[in-house]
Every structure is written in structure tokens, then in C-alpha cells.
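> So you can see what is in the structure, the chains are spelled out below.
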Amino acid sequence: MDLIISLAVQGVQVVLVLTLAPLLLGFTRKVKARLLLRQGPPLLQPYRDLLRLIRKEVVLADNASWLFRTGPYMVFSATWVAAALVPTFATGLYFSWTADLIAITALVGSARFFLALLGMDVGTSFGGIGSSREMMFASLAEPAMIMIAFSVALVVGSTQLSAIAQFMLASGSLRVSLGLALAALVIVALAENARIPVDNPATHLELTMVHEAMVLEYSGRHLAVLELAAALKLLLYISLIGCIFVPWGLAQPGDDLVAYAVGLSTYLGKLAAGGFLLVFIETSIAKMRVFRVPDFLGIALMLGLLATLLRFVSRSF
Amino acid sequence: MVLTIALLSIGVLLSLAVLAVGQRFRAAGTVIYMACLAVNLVLLVAAGVHLISRSNPLTMRLPIGLPWIGANFRIDALAAFFLVLASLGSAAASLFALGYGRHDAAPGRVLPFYPAFLAGMSLVVMADDAFTFLLSWEFMSLASWALVMAHHHEAENRRAGYIYILMAGFGTMALLLGFGLLAGPSGNYLFTDIARSEQPQWLHSLVFILFLFGAGSKAGLVPLHVWLPLAHPAAPSHVSALMSGVMTKVAVYAFVRIVFDLMHSPAWWWSLVLLALGSVTVVLGVLSAILQRDLKCLLAYSTIENIGVVFLGLGLALAFKASDMAAASALAFSAALLHAFNHSLFKSLLFFGAGAVFTATGERNIERLGGLIHAMPQTAFLFLGGCLAISALPPLNGFVSEWLVFQAVLTSPDLPQWSLKLSIPAVGAVLALGAALAAACFVRAFSVVFLGRSRSDAVKHARETDNWSRTAMGVLLMLCLLAGLVPGPLIDAIAPVVEQLVGRSMPIQSGNAWLSIVPVAESRSSYNGLLVFVFVLASTLFAIEIIHRFASRALRRGPAWDCGFPDANPVTQYSADSFAQPIRRVFGVAVFAAREHVDMPAPGDGRPARLTVSLRDHVWDWLYAPINLAVQLAAERLNHLQFLTIRKYLSLVFIALVIVLLVISIWT
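Protein chains in written order, with my numbering: chain A, 1092 to 1408; chain B, 2 to 669.
No lab work stands behind these hints: they were computed from the structure. Hints are not guaranteed to be accurate.
SDA-like, lysine to any residue: derived pairs with alpha carbons at most 20 Å apart [claimed, not checked]:
1) A/K1147 <-> B/W562
2) B/K422 <-> A/S1405
3) A/K1147 <-> B/A555
4) B/K422 <-> A/F1408
5) A/K1147 <-> B/R550
6) A/K1147 <-> B/G559
7) A/K1147 <-> B/H549
8) B/K422 <-> A/V1404
9) A/K1147 <-> B/R558
10) A/K1147 <-> B/F551
11) A/K1121 <-> A/I1372
12) B/K422 <-> A/S1407
13) B/K461 <-> A/W1157
14) B/K422 <-> A/V1267
15) A/K1147 <-> B/I547
16) B/K422 <-> A/L1397
17) B/K422 <-> A/M1393
18) B/K422 <-> A/R1406
Okay, the calculated beta carbon distance ranges per label pair [as the list claims (entries may be wrong)]:
19) A/L1098 <-> B/S56: 42 to 50 Å
20) A/L1094 <-> B/R557: 24 to 32 Å
21) B/L538 <-> A/D1093: 24 to 32 Å
22) B/M479 <-> A/P1132: 44 to 52 Å
Some chain B residues flagged as far from chain A (calculated, every beta-carbon gap over 12 Å) [what the hints assert, rightly or not]:
23) T60
24) D105
25) L178
26) A196
27) W469
28) R557
29) S615
Built from N, CA and C at the ideal position, the CB exists for glycine as well.
Assemble the whole structure, with the sequences as input and the hints as a guide.
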């Protein structure tokens, strides 16, 4: 019976991240529009977009290869698995020990690897520019993410996200190293999700675009899958920040239904707050030139390194 | 038994080498490679059984070599592990060569040296005294040198061979001096005697430095790596795979044997040296790889990066061992060994892929390739697998060893030395940077070679490679996948090695639930490649099922969109250089002093605009160029001695004699 329940909770999490991801995207778009004094699309618009896309015919470039057609599914499934492994409303789920924070980072890296390949497949200059810039950003964002994982792991003594969340709940206190790690994680999240100031999710024809350039040749169901993967990635990073730095409300293993309901509603609140803050950052700063981005990500890397170094120097930071 | 089989196999390989000399009939290649494959499979099984059954060390003494020592051989856990690695790599290379070797223009220059090279590598691993070791080592070096010179008509191959033989000679000299110091005046050349003898710490430190030079130059540790990116690509592809995948690991073996096995009490600062050199190796290796246009050069530089990762793991293990933290040391050491093993798998696979591309197109310059995924879909798939593995992406094997190194880094705040404490976080950052840049490097390599549109006519007539080559690559990819999904048994298999060298092994993994790996404790960290793979597979199938059930199946082919301005000329697509440009701009200025020079003609001028990029190799400029200059100056000065009169020679002899006699009289 316990097994069935824990498998069911795990299943709920898997489905939850998938269903909430477009909603989060719709929410950020709505809030952004309101902050700019526009009406904005309805909350459910991303779902409608996805439905419309999968009903449309696919237009493939003449020389698109088999990788071009299978790649989107690889991007999607790697991102989905990574997002489902981050604790959202409860810790200690049945499969939570499958991958730790480092492995989740690497899984996101797998998705990016395929996405960058897809950008190069048709052999257009737009796809190439997106892929090469994405890999350049990643070459700084990924080490920064690993350093964040190190600093948190050295505070907690574990790289498992469930263990991290439980530790933060039980004995979380203000620490310099965690503060630095949070700042670094916010920068990494902005860069990884192609948000302002690194990239602009709302443009198409601009020479600084990265993510949209890689998926430029896509249409129909393939595009839908890639868009959903992008939404999942946004959800993943907000869940990650929530689970490490604001773990309150997370249900523990063995809790009753009420705790799970509380966990679920606080999770929705966290997503909303995270989405709002993201949009707030986006609307209050301007986009950077592309070769300023390495400096920006370098700050994240240095913050992460500093946080780790502090933990090596003394246990009290 | 196992040792006898191993020595017999080596005997067979050596006789094959002799038989192959001067053979001109067409099937000679097939016979030789088939025999090498069979012998190495036997060796693989024998060594594998010895390793897994945790048998006691076997020794044997043959009455050849120096009369008062003989030739001593031993198979213990460490030797068995590296024998498995070497024979697996050799078997795969022989299988690949069954197909690839047919395209060789001059097989007579490869066939005799190939079995000799295989025999040399196995002999090094089994040698149990300094004399046999050095002899086998030099044999291995010379055989591989001959293979590098197989295509000596090209000037750059001759240069590669020249630099290689210089560096190999230098390395062997360092090893010779090291063994001389270890053996001491009494001449204890047996490894068991060396391990038993008590010697002062400063002497061991000196030996450590010498072995770092000797083994490091063969492994490709920066700054001793200069020969590697020249020599490895110059050889035929199956030999390149062996040199990169296996011979560098034999060098790692030599280092481990001396520093971990024969010298018991390491000083902690040795690890600092290893960590510093390893970090530089990782960064310089991967950044150089990103900038290469030659596919095999790119792979050779990536070997340097991976050797850096292995040496970082060894450095961590040494640091823990010096501070008596056996559990952490076992973790770091297992990670290093596992990475060496994994690297031998995927680097061989990638070199085979490069060989297949070269056979199909005759091109190694990736700027002239492109779109090969259409002509060679299966090779593309296999090469892609290798790229994923080497970029440390889950669920393949490269990630597992990389993850274990990260876990070892996380256990290091307990180290007592402050200099280590302050440098290990930077080591972690370097490792992560290396992994991320490797991903960029292999996205570039795969997409420029296989994706996009073809950039030259060479690609238009490309055909899928032969069955033997594809089988060899397929086997290696399966092993990469297997080692990534269930690394537990692999970690258990190397446990005796780890126990032999650091006194303790990682916890036994095979009992863990769902075959996950737990390096320290479950509350601390765990990773399950199998479940990750199953989840990814299941969600992929789920997505495909949903899409196929509910989505429109309509599909239309048309010209590329490219924002409405597609250009039919393939030159307009992103090239390898343009892909690397952002990374060159971010890292290249500091590391390679990269400069871009734009020559823009004035309006009305018909000249084409030109962009020139200049890169400088600091290691060459600051280390090798001065040495080169000093040697040349000395040679020029000494050259005068060649043209003296007989009277001057006689007076020189007289003066020398007087000096020698004076020194001897003062000495006594």
C-alpha cells in the first residue's frame, strides 16, 4: 500500500510539472504585459498555442536529417525528467535519489547538447549563431551551476535535493555562502532560460537572439515539443530555487493529505512569486550586448566559487 | 595460469610481428588483424577473470634479460585492470582495422609494427622489475613511433615523428634516472625489493618529479604534451585510437605503479603539483581542442583534457592518502581509474569514427566536411554516442566518472593542509569548466562534420563505412552505455585495485537498490544511470505516442526557412571557426593571446576583405623555444671543436687527462 501511495505521489509530481509548465509561461507573459500597461494574452494561451501547433502540418527543410526529427523528443524528455526530479511540493519521493543536483544539472546539459545540434542541422547561419552562442553561455553557466551545487552540498553535507530541502527546513539559517549561491543561481536561471538581460524570449528577428535562433527552422508538432521543453526548463529553475532557498511548506515523507495539499498550494505560490520576480527583473533592466554576457555569467561563476571557498575555509560561513 | 596465457599471447603477438615483415599478399592484413583480435580477446578474458575473481598476485621469472635478475613478470589487481583496459582497446582496434586496414595504401609499413605495439603495451603492464619495464616501455615507444611514421611521405608526419621520438627519449631518460635512484647503490631492480626498501623522503620526492616527467610526457600532461597532438593524428586511425585510448593509460599505469605502489608514504605537496598540472592540462587541452580544424587533432587535444581529469583524480587520491583519509582516497582513486577506463572506450570510438569519415571522404579538415549524416547515418549515430559520452552527459559513462570526481572534491574540506583547501574549490571549477567546454567542443565537431550541408565535393561521394568498422564502433558504444547504466559492477571490479593501492576500497555497490551507485552514504549522494535512462526512454516514448495519436501527421518538405533569406551556397552556413569564435573571444585572449586582424578594403577597392586570427602557444614560446635556442647555440659553439688541428686535439686530451687525475686524487 505504501508503495502504491509513494508511486502515486511520484506520478503526480511528474504530471504536475508537465501541466503547470505552460501555465507558468502564460502567467509570466500576462504579468509582463500588465507591467508594461498592456492587456496581455489570457493565462491559458500557451496551452492553446501548443494545441494549435500540434494540429499543424510540419514543414521540414529539404536536407533535414533524422536527428532533426528525433532530436526535439530527446530535448523534451531530458528536460522533463530533470524537472520531475526536483522536489516541487514534497520531499523524499520514491525516485528522488535517482539523480542528485549535479546529475540534474548534467541532464539539463544533455538537453542543451541536443538543442545545439538541432540548430546546426539544416545548415543555416541563424541556427549556427544560436547554437554557438548557447554553447558559449553554457560553458560558463554550467560550471557556475556546479559551484552552486558544491556550496549548497558543503552546507548540507549532501547533493541530494530532498536531503538539501529537509536540512534547510530543519536547520536553515542565514549564511553568507548560501546568499552568494542564491545570487549566482538567479543569474544562471536567467541565462539558462534565455530571459532578459541575456536573451529576449519575445523577439524573433534580432541578431542577438540565441534560443529562438536555434529553433527557427522548426514548425508544427516538433516546435510544440520544443516550446514545452523550454517551459519545463523555466519551471525547473524556479522549482530549484524554491526547493533549496525557500523550502517552507514542502511535505515530508509520511505526512498526511493535508500536508500534501499545503505543499501543493505553497508550491503554486512559489511559482507565482518566482514568475513575478523574474518578470520584474526582466522589465526593469535592459538586454545586454552578447559579449557582455560572459562577464555577467562570470560573476555567477565567481560568486559560486567564492561561496564554495568560504565553506572550505570555515564551517560557519 | 593467467600469467602463462598472457605471456603466451604476447609471444604470439611478437611472432605475428616477425611474420608480417615483408608480406605482400592481399589477405595479410586480414590474417594479422584477425589473429590480433583473437589473441587480445583471450588476454581480455584471462585478465578479466583474474581481476573479478580477486586472485592472488601471480609472478613468473624468465631467464632472459640481465643474467642476475632475469625478466620478471607479475599480474596483480592493478596489472590485471590495465591489462583488461589494454586488451579491450586492442581487440576493438583490431576489429576496426579488419575493415579500415583495407584502405591503407602501404599496409607493409603498419602490419609488422601493429602486433609489436600491442605486445609492448601489455608487457609494460606486466613487468615486475625495472629493467624489463624500461625495455618494454622503450619497445612500446619505438613500435608506436614506427606506426606514426607509416605515412612518412608527408612532411608534417616526419616532423611529428621527430618531436615524438625526442620527447619519448626524454621521458625514458627520466624514468631511467628515477629507477636508478629507487634501486640505490645495491641495485634492487625488482619491484618487490624497491617496495620493501626504506629510503629518505627527499629521494622519493625526487623520484616523484622524475616519474611525473617520464610518465607525464607519455600521457600528455601539459607542458609535456607538445608531441601528442602531432603524433596521435599522424598514425592510421586504429593506431591513433590505441595511442590515445590505451597508450596514455599505460603511462597512467606507470605513474600509479611507482607513486602509489612502490613508494608508500607520499608527501602531501606532491598532490598540489598534480592538481596544478592537471588543472592546466584540462583547460589548455579542451580550449585547444575547440579551436582545431583537423578532426583527429581535435580528438588528440581532447585526450589531453581527459588525461588532465585522470591526473586530477589521482592528485586528490594522493592528497587524501597523504593525510590518512583512506575512504576519500579510495573514492578519488576509483574515479580516476574509472575515468581512464571510460576514456579508453569513447576515445577509441571517436577515433574510429574519424577514421571512417577519412576513409569515406579523404578529408580530415572539418571545414571541408558537412552533411555526412545523410551518407553515413549509422556512423553518425555511433559518433554521436561517443560525443555524448565524452561530453560527460548522463546516462552515458563519461558522466559517471566525472560525477565521482565531483563527489571526491566534496569530501576534501576535511583536509588539514590550507594550500590544498584553498586550491581544491578551484579544481572543482576547472573540472566543471572542462566538462562544459568539452560539450561545446563536441557539439562543434559533430555538427560541422555530420550536420548541415556539405562544404566540398569530397562529401558528395561519401558512402557508409564497412561492416567491421561499424561493428567495432557499435561494440564500443554498447560498452559506453553499459558502463554508464550499471557502473556498480565496474566499481566493484576495480575495488581490489583500489584496496591494493590506498588500503581501502569504495563500499560494495552491487547490493544497492535498483543498481544505483552510492559513493559514501545514501543520504549524501547517489546516482542511478539506469533509472535516468529508463525515465528518459519512457518519456520519449510517451511523447512520441501522444504526438502520433493526437497530432497532425502531415509533413511537407521545402527549402530551409532561414528567416526568409535562405542562401543556396553552403559557404554561408556556420563553419567550425565561426562556431568556435565566441569561445575564442571569451577564453582565447587570455590563454592563447588570440588576436583578430581585419583587413577591410576601402570603398571601390576590388580586393576581398580578410580576417586573420593569430594564436600563440605559450607553452611552446616560453618553454620549448628557449630550450631549442639553447641547444642550437650550444651546438653551434661546440661545432668549432670539429675543425681543430691535431696539436690542439692532443693538448685537449692532455688537459682532460690532467683534470681527471686531479679530480680523482682530490676525491680519494
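> Now look at each hint and say whether the structure bears it out.
Verification of the hints:
1. A/K1147 <-> B/W562: 17 Å, holds
2. B/K422 <-> A/S1405: Holds, at roughly 10 Å.
3. A/K1147 <-> B/A555: Since the Cα atoms of A/K1147 and B/A555 sit roughly 8 Å apart, the hinted pair holds (cutoff 20 Å).
4. B/K422 <-> A/F1408: 15 Å, holds
5. A/K1147 <-> B/R550: 14 Å, holds
6. A/K1147 <-> B/G559: This hinted pair holds, its Cα atoms lying about 15 Å apart.
7. A/K1147 <-> B/H549: Holds - the C-alpha atoms of B/H549 and A/K1147 are around 13 Å apart, at most 20 Å.
8. B/K422 <-> A/V1404: Status holds; Cα separation ~7 Å.
9. A/K1147 <-> B/R558: Distance of about 14 Å is within 20 Å: holds.
10. A/K1147 <-> B/F551: 11 Å, holds
11. A/K1121 <-> A/I1372: 15 Å, holds
12. B/K422 <-> A/S1407: 15 Å, holds
13. B/K461 <-> A/W1157: 18 Å, holds
14. B/K422 <-> A/V1267: 18 Å, holds
15. A/K1147 <-> B/I547: Holds. A/K1147 to B/I547 sits at ~15 Å (cutoff 20 Å).
16. B/K422 <-> A/L1397: Roughly 13 Å between the alpha carbons, so the hint for B/K422 and A/L1397 holds.
17. B/K422 <-> A/M1393: This hinted pair holds, its Cα atoms lying about 17 Å apart.
18. B/K422 <-> A/R1406: 12 Å, holds
19. A/L1098 <-> B/S56: 42 to 50 Å: 44 Å, holds
20. A/L1094 <-> B/R557: 24 to 32 Å: This hint is violated: roughly 48 Å between Cβ atoms.
21. B/L538 <-> A/D1093: 24 to 32 Å: 27 Å, holds
22. B/M479 <-> A/P1132: 44 to 52 Å: 48 Å, holds
23. T60: The assertion about B/T60 holds, with a minimum of 42 Å to chain A.
24. D105: 30 Å, holds
25. L178: 37 Å, holds
26. A196: At roughly 34 Å from the nearest Cβ of chain A, B/A196 sits farther out than 12 Å, so the non-interface label holds.
27. W469: 24 Å, holds
28. R557: Violated: least Cβ distance 5 Å, not greater than 12 Å.
29. S615: 19 Å, holds
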